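For the sequence shown, my numbering begins at 495 and goes up steadily by one.
Treat the hints as calculated values from the structure; they're not laboratory data. Mixed in with the good hints there might be a few duds.
What the hints assert, rightly or not - Quick list of in silico lysine-lysine cross-link-like pairs, BS3-like style, CA-CA up to 30 Å:
no., residue 1, residue 2
1, K561, K533
2, K587, K539
3, K533, K544
4, K533, K587
5, K561, K539
6, K587, K544
7, K561, K544
8, K561, K587
Quick caveat: nothing in here was measured; it's all calculated off a predicted structure.
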Amino acid sequence: MKRHSSLRETEQTIIDAACGLLERRLRRQYHRHTEVFDKPDDAAKYFQLKLSGQEQEVFCGILLDNKHRMLRYEAFFQGTVDSCAAHPREIVKAALSCNATSLILAHNHPSGVPQPSAGDREATNRIDSALELIGVRLLDHIIVGHGQWFSFSRHGLL
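Turn these sequences into a full structure, and let the hints steer you where they fit.
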């Protein structure tokens with residue numbers, strides 16, 4: 495039993511290292527060819543890399559400057575297999591801390607189905623309203639599923 499457990503830890507360590515390496519390589523490649531996140535497809539690809547394989551919901555975002563260039567990525571909240579509380583206060587605090595002018599939010603649905611729930615819509619509206627008060631624009635909220643994604647902006651929900 496001990497050997498099996500340590501094998502899983504070793505495998506997870508290797509997987510985590512490989513994901514980190516891939517992310518750094520893609521980030522360098524991305525910044526060489528494109529400087530901005532101005533299309534839902536660009537952000538969706540980035541978030542698919544970050545969120546695929548997560549067993550719990552993770553609510554995160556890309557904080558952007560006035561030219562839609564990434565200032566930083568931040569994982570705001572981690573939830574359970576079927577929910578994640580998203581508090582506007584923490585997102586507003588992160589936006590102010592790096593002087594972001596806009597941001598793109600994302601979270602995953604471990605079920606694999608990226609359709610927004612009523613709670614997803616409500617949370618997005620609350621966060622959008624809070625950001626509007628400080629002059630930060632919410633460009634999109636992307637939900638990542640298994641090989642698919644949903645864009646609030648593309649569906650006219652932002």
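For each hint, the structure was consulted:
Restraint check for K561 and K533: the C-alpha separation of about 13 Å stays at or below 30 Å, so the hint holds. Annotation: proposed proximity of K587 to K539 holds, straight-line Cα distance about 26 Å (limit 30 Å). For the hint pairing K533 with K544, the CA-to-CA distance comes to about 17 Å; that is within 30 Å, so the pair holds. Using a Cα cut-off of 30 Å, the hinted pair K533 and K587 holds, with the two alpha carbons roughly 25 Å apart.
A hinted pair counts as satisfied when its Cα atoms are at most 30 Å apart, and K561 with K539 qualifies at roughly 19 Å. For the proposed pair K587 and K544, the alpha carbon gap of about 22 Å is at most 30 Å, so the pair holds. Between K561 and K544, the direct Cα distance comes to roughly 22 Å. Compliance with the 30 Å bound is thereby established for this hinted pair. Note on K561 and K587: the hinted pairing holds, with a Cα-Cα distance of about 20 Å set against a maximum of 30 Å.
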